[in-house]
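Let's have the full structure, built from the sequences with the hints guiding it.
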Amino acid sequence: MAEYIFRIFRYDPEKDEGTKGRVQEYKIEVEKGWTVLDALNYIKWHVDGSLSYRRACRHGICGSCGMTINGKNTIACEQQVADLGTQVITVEPLRGFRVIKDLIVDMEPFYDKLYAIKPYLITYTPPPTDKERLQSPEDRKLLDGKYECILCACCTSSCPTYWADKEFLGPNALMKAARFVLDSRDEGWEERVNAIDDKHGVWRCHTIFNCVEACPKELNATRAIVELRRLMLKGRL
Numbered sequence: 001m002a003e004y005i006f007r008i009f010r011y012d013p014e015k016d017e018g019t020k021g022r023v024q025e026y027k028i029e030v031e032k033g034w035t036v037l038d039a040l041n042y043i044k045w046h047v048d049g050s051l052s053y054r055r056a057c058r059h060g061i062c063g064s065c066g067m068t069i070n071g072k073n074t075i076a077c078e079q080q081v082a083d084l085g086t087q088v089i090t091v092e093p094l095r096g097f098r099v100i101k102d103l104i105v106d107m108e109p110f111y112d113k114l115y116a117i118k119p120y121l122i123t124y125t126p127p128p129t130d131k132e133r134l135q136s137p138e139d140r141k142l143l144d145g146k147y148e149c150i151l152c153a154c155c156t157s158s159c160p161t162y163w164a165d166k167e168f169l170g171p172n173a174l175m176k177a178a179r180f181v182l183d184s185r186d187e188g189w190e191e192r193v194n195a196i197d198d199k200h201g202v203w204r205c206h207t208i209f210n211c212v213e214a215c216p217k218e219l220n221a222t223r224a225i226v227e228l229r230r231l232m233l234k235g236r237l
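Going by my numbering, the first residue of the sequence shown is number 1, and it counts up by one from there.
Since the hints were made in silico from the structure, they are not lab data. None of these values were measured; they are calculated from a predicted model. One or more of the hints may lead you astray.
[Stated by the list, open to error] List time: in silico DSSO-like cross-link candidates among lysine-lysine, alpha-carbon distance up to 30 angstroms:
1. K101 with K217
2. K72 with K27
3. K44 with K27
4. K44 with K131
5. K101 with K27
6. K20 with K166
7. K131 with K118
8. K15 with K44
9. K217 with K141
10. K131 with K141
11. K141 with K234
12. K20 with K72
13. K32 with K44
14. K217 with K199
15. K234 with K72
16. K199 with K72
17. K15 with K166
18. K234 with K199
19. K234 with K118
20. K118 with K199
21. K166 with K72
22. K15 with K101
23. K32 with K217
24. K166 with K199
25. K44 with K101
26. K118 with K141
27. K72 with K32
28. K234 with K166
29. K217 with K166
30. K72 with K44
Encoded structure:
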């Protein structure tokens, strides 16, 4: 076991309203193999039960534990404490979102933007009789690197464009749009184009690539946005 100091952002709306929050330090012994989420759980269960944060699967699937650790957005359940290379670890809520309490942020604006691009298959022609809608392996491959998103919001929170323009759809919603636009079974282009072909849509992205660096699943939202731009430009020629 090794001793670490966790400097954790704290904000209680009943006590800290009108302030920018505060930082509280916890000195704990960390066992080999612990993730930052393991450390947070230990602090909550054994040191300070008032600490609030989101968690669920603990296996990098649900995206609930997205947060900023030593200045980098990631999911706490996949970040090994030892890999951070420092005995002092700073844990903060995701930037760009309103803090509800401690490490919990308001995700409603994030999901509103996701819903705006209609993140589901849209079809108008009836499916084949007694069959599902089939897709070739080649068409299916076009979706790789787009459907694996776990909605942790690390990408959107890392985006300077989103910091400046809260109406910007953000890398997550736009990558989800690409996932359905490029799906050979989908017929919803007209349903989505008004949302994404907008000054707060694909044209607002400045290709800074912060979203690519921040994604814990190593997805490339910037590339997906560029693909959408190409499709739109082709449609205008």
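Does K166 lie within 30 angstroms of K20 when you go C-alpha to C-alpha? The given pair, whose Cα atoms are some 20 angstroms apart, holds under the 30 angstroms limit.
Are the Cα positions of K15 and K166 separated by 30 angstroms at most? Status holds; Cα separation ~27 angstroms.
Taking only the CA atoms, is the gap from K166 to K199 under or equal to 30 angstroms? Measuring from Cα to Cα gives roughly 12 angstroms; hence the hint holds.
Straight-line Cα separation of K44 and K27 no greater than 30 angstroms? 13 angstroms, holds
Hey, K131 versus K141, does the alpha-carbon distance stay inside 30 angstroms? Cα-Cα ~21 angstroms, so holds.
Is K199 within 30 angstroms of K72, Cα to Cα? Answer holds: K199 to K72 is near 28 angstroms, not above 30 angstroms.
Against the 30 angstroms threshold, does the CA-CA distance of K44 and K101 hold or violate the hint? Roughly 14 angstroms between the alpha carbons, so the hint for K44 and K101 holds.
Pair hint outcome, K44 versus K131 [Cα-Cα no greater than 30 angstroms]: Distance ~51 angstroms between K44 and K131 Cα, so the pair is violated.
K118 paired with K199 [C-alpha distance capped at 30 angstroms]: 18 angstroms, holds
Does the structure keep K20 and K72 at a Cα separation of 30 angstroms or less? 20 angstroms, holds
Given the hinted pair K234 and K199, is their Cα-Cα distance within 30 angstroms? 18 angstroms, holds
Just to be careful, I want the Cα atoms of K141 and K234 compared with a cutoff of 30 angstroms; is the pair within it? 22 angstroms, holds
Checked against the numbered hints listed earlier, the structure breaks hints 4, 15; every other hint is satisfied.
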